[in-house]
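Asker: One-letter residues, chain by chain:
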Amino acid sequence: MSSESSVAPGLAPEEPNHWRRFLSIWVIASVIGTPLIVLLVGPLLGPSTGSEEAGGQHTIMTVLAAVATPVFMLVVLFIAYSLVYFRQEKGAALEGPAIRGNARVQAVWIVVTSLIVLGLAVYGTYELEDHYGHGSGSGPNPLTVPSGPKLPVQVIAQQWLFTYRYPTYGGVETTHLELPVDQEVEFNVTSLDVIHSFWAYKLGVKADANPGANNIAFVKPTKEESFEVRCAELCGIWHGAMVNPGKVVSATAFNTWIHEQQARLAPATKALPSYSKTYIPEPTRRAE
Amino acid sequence: MNVTNTPDPDTTASAAANPRPVWRRLIGFNLLTAVILGVGGYYLGWWIGHLIKGPSYAYESATDENDVALLLGYLGGVLGFLIGMGFANYPISRLLGRPASLREKEGEGIGRYFGLCTDHKVVGMQYLVGIGVFFFIGGLNAMMIRAELLHDTPTIVGPNQYLTLVGVHGTMMMGMMTSGVLGPFANYFVPIMIGARRMAFPRIESLTFWLLMAAGFILVSTIFFGGFPTGWTGYQPLNDQAVAGMDSYICFFALVGISMALLGMNMIATILTMRAPGMTWSRLPIFVWAVFGTAVLMVLAAPMLIATLGMAALDRSINTSFFIAGGGGSSYLFENLFWFFGHPEVYILALPGFGIVLELLPVFVRKPLWGYKLAISGMLGVSLLSFFVWQHHLFVSGINADLRPFYMLSTEIISVPTGFIFLCFMGTLWKGRMSLTVPMLFCLAWAFNFLIGGTSGVVLSDVATDTQLHGSFFVMAHFHYTIMGGLIFSFFAAIYYWVPKMTGLRFNETLAKWHFWLMFLAFNSTFLPLFALGIMGMPRRVSSYEASLVPLNTWVSISAFVLGFSMLIFIVNTVYSMIFARVPAEANPWNSKSTEWQLPTPVPVHNFDQIPVFDSDPYDYGTPVPIAIGRSAPAGA
Amino acid sequence: MSVMAKKVIGVTLAVAVVGVAIALYVADWATSFPPPVSSTVNPVSAGGGANLTIETVGAVGRKVSPANPDWVSYLVKSHGRWVHSTIYTVPANSVVHVTLYEFDSASGLRNQFFSQVQGTVGGTMTLDGKTVNAVNGEEAAHSFAIPELGVFVPLPGVSEAEEEKDFCEEAPCEPGQYHHRTITFSFRTGKKGHYRWQCFVPCGAGFLNGNGGPMQTLGYMDGFIDVV
Chain P
0 MSSESSVAPG LAPEEPNHWR RFLSIWVIAS VIGTPLIVLL VGPLLGPSTG SEEAGGQHTI
60 MTVLAAVATP VFMLVVLFIA YSLVYFRQEK GAALEGPAIR GNARVQAVWI VVTSLIVLGL
120 AVYGTYELED HYGHGSGSGP NPLTVPSGPK LPVQVIAQQW LFTYRYPTYG GVETTHLELP
180 VDQEVEFNVT SLDVIHSFWA YKLGVKADAN PGANNIAFVK PTKEESFEVR CAELCGIWHG
240 AMVNPGKVVS ATAFNTWIHE QQARLAPATK ALPSYSKTYI PEPTRRAE
Chain S
0 MNVTNTPDPD TTASAAANPR PVWRRLIGFN LLTAVILGVG GYYLGWWIGH LIKGPSYAYE
60 SATDENDVAL LLGYLGGVLG FLIGMGFANY PISRLLGRPA SLREKEGEGI GRYFGLCTDH
120 KVVGMQYLVG IGVFFFIGGL NAMMIRAELL HDTPTIVGPN QYLTLVGVHG TMMMGMMTSG
180 VLGPFANYFV PIMIGARRMA FPRIESLTFW LLMAAGFILV STIFFGGFPT GWTGYQPLND
240 QAVAGMDSYI CFFALVGISM ALLGMNMIAT ILTMRAPGMT WSRLPIFVWA VFGTAVLMVL
300 AAPMLIATLG MAALDRSINT SFFIAGGGGS SYLFENLFWF FGHPEVYILA LPGFGIVLEL
360 LPVFVRKPLW GYKLAISGML GVSLLSFFVW QHHLFVSGIN ADLRPFYMLS TEIISVPTGF
420 IFLCFMGTLW KGRMSLTVPM LFCLAWAFNF LIGGTSGVVL SDVATDTQLH GSFFVMAHFH
480 YTIMGGLIFS FFAAIYYWVP KMTGLRFNET LAKWHFWLMF LAFNSTFLPL FALGIMGMPR
540 RVSSYEASLV PLNTWVSISA FVLGFSMLIF IVNTVYSMIF ARVPAEANPW NSKSTEWQLP
600 TPVPVHNFDQ IPVFDSDPYD YGTPVPIAIG RSAPAGA
Chain G
0 MSVMAKKVIG VTLAVAVVGV AIALYVADWA TSFPPPVSST VNPVSAGGGA NLTIETVGAV
60 GRKVSPANPD WVSYLVKSHG RWVHSTIYTV PANSVVHVTL YEFDSASGLR NQFFSQVQGT
120 VGGTMTLDGK TVNAVNGEEA AHSFAIPELG VFVPLPGVSE AEEEKDFCEE APCEPGQYHH
180 RTITFSFRTG KKGHYRWQCF VPCGAGFLNG NGGPMQTLGY MDGFIDVV
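Line by line, the protein sequences give chains P, S and G.
At position 194 of the first sequence the residue is numbered 193 (numbering that gives the first Met the number 0), and the sequence of numbers has no breaks.
At position 530 of the second sequence the residue is numbered 529 (numbering that gives the first Met the number 0), and the sequence of numbers has no breaks.
At position 67 of the third sequence the residue is numbered 66 (numbering that gives the first Met the number 0), and the sequence of numbers has no breaks.
Hints listed in this document are in silico derivations from the structure and should not be mistaken for laboratory results.
In this text the structure is predicted, and so the values were computed from the model without any measurement.
Every residue, glycine too, gets a C-beta built ideally from N, C-alpha and C.
With a cut-off of at most 27 angstroms between alpha-carbon atoms, the simulated DSS-like pairs for lysine-lysine come out as follows:
1. Lys246/P to Lys191/G
2. Lys276/P to Lys149/P
3. Lys512/S to Lys89/P
Which stretches of chain S does chain G cover? Using the computed rule of at least three CB atoms under 8 angstroms from a CB of chain G, they are:
4. 61-72
5. 235-246
Sequences are here, hints too, so could you generate the full structure?
Answerer: Have a look at this one:
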């Protein structure tokens, strides 16, 4: 892409300055397009109100969409520009200029793309660790842990139902997930058989459930609403049907509910093993 | 349908001299013998398996499955098939000290396409048709999947069968299309492009093809054994729990792995050692560089897969516990081993696409390739980095949290060398003289699709957004855009570009353009909404989903049917052009300066009468650019 | 047309015909479901609601399932005969009364949470005539659960002594001929829908965790409740 002004004298001077023309088209499109994407498409990029984590994820999605828009425009507009201006005339057999490269353009491209990518990586890491994993399953020893009181809820995944155990409420196990609003929750996700994945969409939580392993995710629900829990890792015939309803309620409603569950499910709770981060119930290998 | 234009002198001479009755010609090491010995080998293996571990074993008497018998049966079947095809002849002749034949079936007539042939061009043609058939089968599976997804509960297809369809679709496509470009086009054209008469190991070249065919047959046989519920990733411990159909998946992928490793090794050996005089590394066509990068990945990644599947087979059949937490193993081990292969695997799929597009662009833009060295660094950079990113498939699975920032960084970084390819693409288009032939249309579509696919990959590489999107239809859209929108579109570009040379026949232009436009529009209409479905919370591999998503799924399914219809147009075009119309193609219809187009059509068995001496790379297009006084020449970089 | 062209066209046609036949076979395989069986609806004068009679057997036998004779399975009574199906049609907005004959021996629950009866009318079931709201999880042979309706019913199995004396090796099993447990419970249905049901006891003998094979196959330990 040698600049037109250095074409040797004597050659066609009326060739348009493609470089400048394309650049202006791209800049204008990006300046108009990026805010449009952020304003129109941004709100659609996932749940944002259910919890702090969901809100943060939504923000990051919007940032990434905003960064992607100019990149997308660059290539697509370039192809469109080429389709208009760099065509072979019908029936002609002309050749283009034998340009094999341009060191300056390549250097700029390498530097700019590397900076964008490094910037995104730094941004992503900061966001991740500053927000205690942002709702993702961070393993048994998360890098950063929120301070303050946390409500521990164990998510037990089995084929093909999620059950929830509340160790601070007598180890009662339920099939519905109810959480108090504005309270930091520590999910301890484990599985009894195969790999599942605990996905509370509106809360922005996703943590794989592995047998014999504990996977911790932190969430702070901020809105009283119903949500759905789905399984996000193929676990057999009813993987798609492994859906639980869940609710975020006020602290008092939660208290009432959990005591109701403790009373109603007392026989089941008595039969359960004592609370532990992982379980390997019989049969551990093949059933007899 | 692959009969050459001019009658092959070898066939007519020998046929005239030695007419043999049909039944006598059928005896020998050929496809028929291979099938017979394959079936025999299968039953032999099955019987041995029953002797080792029969109904007296409590496990088998309770489950009514015998994994040992099935695995040994498949092994016996494959060995019988290969022996019947004639692959054991050369090693055994050598062992016994007898003179061994160096060429098999070269120049013998249509029969050579159905057996062991050492002519690399025949192997390329075999690959094209063989992979095409299995690609079509995988596509039909996809049509059934989309038909089921018109409903939000299991309605047309039972929930088990649905999972098997999803698994066979994914596994078939991934296994077959890994060799989708290297098999047909690299085998056919790399020797010609580097000035060689054959590949380094012609017999192994043919072996990789027949292994793949045997593997494909094994995979489709899974429906006789109950199918498999794990999808193409075969995660443990669901893998261990599954009925005998799971063994079909294990055998398929192990055979594919072996085929990949051998194919890669053959390519590397050929490119390293058999370049003609003057074909230096800096004159190598960019397609050959892409093949080289892909081959290195194949050789390094495939053995990991084979070992992993071997462990899975042991877990399933003889009760080891590599991946079973209750027995002392770990399900994480499988995930890590699989994705250590799995991530280079997807770059094995992407790199040949880069090579094809950059190879074809100069021909249709009448300019040299812009940024040759940059493109090579992009491809090799992607190859190298692809081994350092695999844990991004495991961001939410509970891996050590210290690792995630590193893998986020490495995954983001790998988009930089990928970006080089786009820069070279744009640089080559710059001020060119583009003619919109069908291959060129597919190359432009590649750029559009891979851009969307790649950008969505950057979104997934951030752990926080991956938390929302992992295991959802967003990931499906991402990889369909990169693999189907990228590789498959470039695959069709290569077909429309090179088949006139391989067969000497032209495609019908109208049908080809209909194919392209319908495919491009239907593809985007099918997969763009999947991003939305993922963001709206629909998980992957489900046949039950939220009722509010039915309208969008209906739109996607109908688009998918149109996409399938566009493939039908391609098949009609192929059958019509190759069998009925048979319009001969000139030796160089695209006016390309690449080596293969300087040869006559059909390409003679020995490729070159004399080994060529190269004095430039194949991108000698374009009018020289005048150099302004006082500035250095545009870098040939 | 030349001889070669005719041969090629012939081969293409043959390939197409074989291809279509294979496609039809695969489509048939993909779309096969066990046959749906309706509950018997009681007249309003008799209290309304619907009745469903099902049984669980320890080995389904070669006659009923030649491919998997040793798998455990549910069967349902339809017009006086036992049918090998797990797809039941029940009326909406009514009470379904289930009578279940348990012929299999215990495997034990994997998650003892399911040892308590949940989601039935009154939160109880009758076990051999006695009303209970929970059982010993170790004694469960199977369970009947409709997660979307909140129904979880554990089904204790025959004892070891009974198993030694007589054990129904082949379906259908008649209550008069072999030892069994009789369990009855009722659940309410609401609006129309297509709900799945499954067993939660790892009864797939020989499979990992006991959750493979019949536990993952429609017609054995999984099915649908069609509320119409």
